[in-house]
Amino acid sequence: MANQAKHHRTVTGLVLGALMMFGFGFALVPLYDVFCEITGLNGKVDLVQAEPSTFIDHSRQVKLQMVAVNNETMPWRFRPVSSMVELAPGEMHQTAYLARNLTEGFMIAQAVPSVSPSEAAPYLEKINCFCFERQPLKGQEEKEMPLVVSISPELPEHIHTITLSYTLFDITPEQKAELAGQGRSSL
Amino acid sequence: MNTSVAVSHHHGPASGISRWLFTTNHKDIGTLYLWFSFLMFLTGGCMALLIRAELFQPGLQLIQPDFFNQMTTMHGLIMVFGAVMPAFVGLANWMIPLMVGAPDMALPRMNNWSFWILPFAFAMMISTLFMDGGAPNFGWTFYAPLSTTYAPPSVTFFIFAVHMMGISSIMGAINIIATILNLRAPGMTMMKLPLFVWTWLITAFLLIAVMPVLAGVVTMMLMDIHFGTSFFDAAGGGDPVLFQHVFWFFGHPEVYIMILPAFGIVSEIIPTFARKKLFGYASMVYATASIAVLSFVVWAHHMFTVGLPLAGELFFMFATMLIAVPTGVKVFNWVATMFRGSMTFETPMLFALAFVVLFTIGGFSGLMLAIAPVDFQYHDTYFVVAHFHYVLVPGAVFAIMAGAYYWLPKWCGNYYNETMGKVHFWCNFIGVNITFFPMHFIGLAGMPRRIPDYALQFADFNAIATVGAFIFGFSQLIFLYNVISCIRNSKPASDRVWEGSHGLEWTVASPAPYHSFSEPPQVK
Amino acid sequence: MIKTILGFPALLLFATASQAAWEVNLPRGVTEVSREIYDLHMTIFWICVAIGVVVFGVMLWSVIYHRKSRGAKAHNFHENVLVEIAWTVVPFIILIAMAVPATATLIKMYDNTEAELDIQITGYQWKWRYQYLGEEIDFFSSLSTPRDQINNAAVKGEHYLLEVDNPLVIPAGKKVRFLLTANDVIHSWWVPDLAVKKDAIPGFINEAWTIVNEPGVYRGQCAELCGKDHGFMPIVVEVKAQADFDAWLAEVKQADQDKAAEAQKSWTLAELMETGEEVYNKACLACHQANGEGIPGVFPGLKNSPIALGDPGPHIDVVLNGKQGTAMQAFRDQLTAVELAAVITYERNAWGNKVGDLVTPAQIAELKE
Amino acid sequence: MKAPKENRESPGLWSMLLSVLAAFFGVQTQRNYQRDFASGRFWPYAVLGIVMALSFVGLVYLLVALVLAQ
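Protein chains in written order, with the working numbering: chain A, 1 to 187; chain B, 1 to 524; chain C, 1 to 369; chain D, 1 to 70.
Since the hints were made in silico from the structure, they are not lab data. Note that this is a predicted model, so its numbers are computed, not measured. One should not assume that every hint holds.
What the hints assert, rightly or not - Lysine to aspartate or glutamate pairs mimicking DMTMM-like chemistry, simulated, CA-CA at most 20 angstroms apart:
{"no.": "1", "chain 1": "C", "residue 1": "K228", "chain 2": "B", "residue 2": "D132"}
{"no.": "2", "chain 1": "C", "residue 1": "K323", "chain 2": "A", "residue 2": "D170"}
{"no.": "3", "chain 1": "A", "residue 1": "K63", "chain 2": "A", "residue 2": "E91"}
{"no.": "4", "chain 1": "A", "residue 1": "K63", "chain 2": "C", "residue 2": "E116"}
{"no.": "5", "chain 1": "C", "residue 1": "K368", "chain 2": "A", "residue 2": "E91"}
{"no.": "6", "chain 1": "B", "residue 1": "K192", "chain 2": "C", "residue 2": "E79"}
{"no.": "7", "chain 1": "C", "residue 1": "K156", "chain 2": "B", "residue 2": "D453"}
{"no.": "8", "chain 1": "C", "residue 1": "K303", "chain 2": "C", "residue 2": "E274"}
{"no.": "9", "chain 1": "C", "residue 1": "K240", "chain 2": "C", "residue 2": "D333"}
{"no.": "10", "chain 1": "C", "residue 1": "K174", "chain 2": "C", "residue 2": "E214"}
{"no.": "11", "chain 1": "A", "residue 1": "K63", "chain 2": "C", "residue 2": "D111"}
{"no.": "12", "chain 1": "A", "residue 1": "K143", "chain 2": "C", "residue 2": "E79"}
{"no.": "13", "chain 1": "A", "residue 1": "K6", "chain 2": "B", "residue 2": "D104"}
{"no.": "14", "chain 1": "C", "residue 1": "K68", "chain 2": "B", "residue 2": "E418"}
{"no.": "15", "chain 1": "A", "residue 1": "K126", "chain 2": "A", "residue 2": "E142"}
{"no.": "16", "chain 1": "B", "residue 1": "K277", "chain 2": "C", "residue 2": "E79"}
{"no.": "17", "chain 1": "C", "residue 1": "K108", "chain 2": "A", "residue 2": "E157"}
Could you put the whole structure together from the sequences, leaning on the hints where they help?
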């Protein structure tokens, strides 16, 4: 009767709506990344190579602090070579982070950058960064990981200090699989 | 509830268990939802009593911290998804067909299925308490990475349980929208819909819009835990704050899903007992619709301290303050309905009045929380716990109880015992306030949320809150006794039941026949 | 019915007036920001009380006078757009009036002008780590309330659950900038008196700042659920005048040098065992239990465990670097070389593990360096 | 089962916009309510509602940008 046809139309419309919202839930992920790029939300820095800028603004100096954080799974010694430097916006700065694998076994690490204040994130350009690719180290091996950064001249006036932090995560493959398998619990 | 049923010409209800397993009758399914919700309310309530018992005194007396976290998590999940939402769906299943003059819900078989998913979803969820590693212990808001990398192994069962609840809610919502839009009796135009039907129609659209997002976020968790993706794991380029954004994008409309039907119930009850039409019916309908739409743009006021940029904090502060207006003014409509009415104070009216007063107090603390700079002191303290318990316990739960007392004579054909109803109300009213009002003070004084033990300066108010919790908890047994004795043997009810009752549901007999409105009624 | 409705606003008013031991309100705090927040809080609070009194007053009036039992007849008005517009516009204006000072305070809280001192705060599962940028100071701050007080075996101290072994020390009157991050899950660093609360998120860095003029001790707690001992990782900030602060800095640096020197000293087994037991009770007892048998199936026992009895290399590696995929943390940064050597020696020679060898602090210092 | 007044042409775009705005404000007259629902078509109001919500978002964002500008 007439109702069935109407129900059919209503229900298909609503089911489609529900499926679309399910897709929208997943679409929030790329939307969030785009949103972070524009506003520098959460100090998320783009992991793509920036080309060096030409103009250097000598009218002001910006303090760039470099900080190192080990995530819980990371028994490496991880420290910036120089923890603080005064830079003119546009000037390229060459420095490095020291990493030493203190355990006996082979490990691979991934560094994740973050900038504070998050407002300054879009203006910190990484020309070369050890966070672009994974960093393997054999047991007790040590290495200097290069980092070349510059602060874009369009940095807003009221920002004087930028803190660039790197968090080191362990992504050694077999650990990742084993970790994922039994859903590690910490009581 | 074995409703004594008037003889109906063709097939009445089947007998025995198969009546309840295979029922496609909106009245039976409503009854199933209501009893299931009451069982979950008692289960979640026991967990709350365990939490309050531990917090009675400083020091660890009863349970260990990790089990305490499991209790707070399960208490939240069971109360939100097991007690409040199914209760509203139960009331909707019972009353919407009667109110719009429809013979039954649009899709009866799907209606049965959306109920029978819930007992299995909650059986699985509660069984996580007995798994090694314990039940989920990361709060009902299950923030990553505590809920992904650092979760107990039972988190996977939690994820599938949430999937099942989501599917049940979506199917329920589809059923309600199809019934309201397509099965209205002739003459029952959209303009004449009772407000309970309007609020449920809008809530159903909210459900269909946000439950899939919740399903999405738990699916992302599942992939992070088992399939090596890193949506929320910073190591692989993910971001734990992304989880909070997606969760609260679902979360804030969810809190409106839990309160709009309560607005509908109270807007049915107050006019009946004030013997006066609802004040500003059109404004109420439009305001409810606008609340639903605006509830999608304010989610990050739950995240003021996570490190949003200044522009984000300001945006969400302004948007949250602005949408407080349409929500707040509805309270004035109820007061205006009462003004110059001719009121009597039976139990449903008492619960409705307590709803208006205490929900408004919860609304005021919500307004205080909207001010971002001050929220830095309020966030994740017991002030927030007091806020959402004031809008949920005297808010949603009191409205559900008001609805139950209001329609119980229609469901089972007898009047409940009025004095026992009043005793139940006063125990609840006193218990709720003794439990949750001191939480404002200890929250302001600096006690964080979700801690099993606290510093000495919070001791006295915590003791009072625990006493209140036990009063409130055990007074529900009065309600249980009253309902059972009302079903069994008490004074038969007239068809109109209340002197001031209005609406199609009062035109059918009491108790409502198994099949009502087989021929659509004529609505003048 | 009337007594309850009347009693209610009175309770509300009484509550804020009394400042007795029954802590009922936000602390005014010791920073300009915290006082502004306190004023905002009291302003919005009084606005809500005022609206509440009006609304509940009308409702109470109606409940008393418009009763059927008093013969009130129901009037038949159910729409009056003007009244509705009025009671919508009035709250609208009140909110806008409230938004202006709130915006000013929020902008002030986000001001990132020059800070004299930067401190990196890292949240760990269930303790805080403070690193002074530019100074070689880096220490852990964990709960120092004894287990017996928590398990009600002893009388609770005055600052029960709000006391730490190494408080964070900052200079008075100077702007101090906090860089917050986390090592494992999300924590939240909150000191009510400074009105500073910011989430510490693993993989990301957040910033907060404060200027405290009055020296003193200010206590706070972790404000984001972070697992089993979320309620047991307090924060104590000691604000000292500049002179005292400099003295403290020198003293801490001196203490670090002494510790380094002490590590080179030669230690006897007895000395190591004694220190080792102390360190064991503080850091390891929670999981491996006093008898060294742990909890079967959850935490491994150390008593006659192959690692404790075997050659020291793997034993040192487990204690220093922790064990992936389990709750065993890396204690490399959390204990000094002497403490690590002592606790490992204790574990190898206690509860019947009579290995007899001792691990020297020098060995650990070289590994830990 | 539509109301007999189905065929009356639906209210103009302007009046629909006004009633959506009134909804956001939370106040509406019974008369407009009858007129809005007489048209029986639901989706123009839904679309207008979403458009108005997005413009509300834009408006508040402009306000924020203005506030931050000084």
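Evaluated hints:
1. C:K228 <-> B:D132: Cα-Cα ~15 angstroms, so holds.
2. C:K323 <-> A:D170: Cα-Cα ~13 angstroms, so holds.
3. A:K63 <-> A:E91: Holds, at about 12 angstroms.
4. A:K63 <-> C:E116: 12 angstroms, holds
5. C:K368 <-> A:E91: Between K368 of chain C and E91 of chain A the Cα gap is close to 37 angstroms, so the pair fails against 20 angstroms, i.e. violated.
6. B:K192 <-> C:E79: 16 angstroms, holds
7. C:K156 <-> B:D453: 12 angstroms, holds
8. C:K303 <-> C:E274: It holds: about 18 angstroms lies between the C-alpha atoms, which stays within 20 angstroms.
9. C:K240 <-> C:D333: 26 angstroms, violated
10. C:K174 <-> C:E214: 11 angstroms, holds
11. A:K63 <-> C:D111: 16 angstroms, holds
12. A:K143 <-> C:E79: 78 angstroms, violated
13. A:K6 <-> B:D104: 15 angstroms, holds
14. C:K68 <-> B:E418: Judged against 20 angstroms, a Cα distance of about 18 angstroms means the pair holds.
15. A:K126 <-> A:E142: This hinted pair is violated, its Cα atoms lying about 23 angstroms apart.
16. B:K277 <-> C:E79: Roughly 9 angstroms between the alpha carbons, so the hint for K277 of chain B and E79 of chain C holds.
17. C:K108 <-> A:E157: The hint holds at about 16 angstroms.
Checked against the numbered hints above, the structure breaks hints 5, 9, 12, 15 and satisfies the rest.
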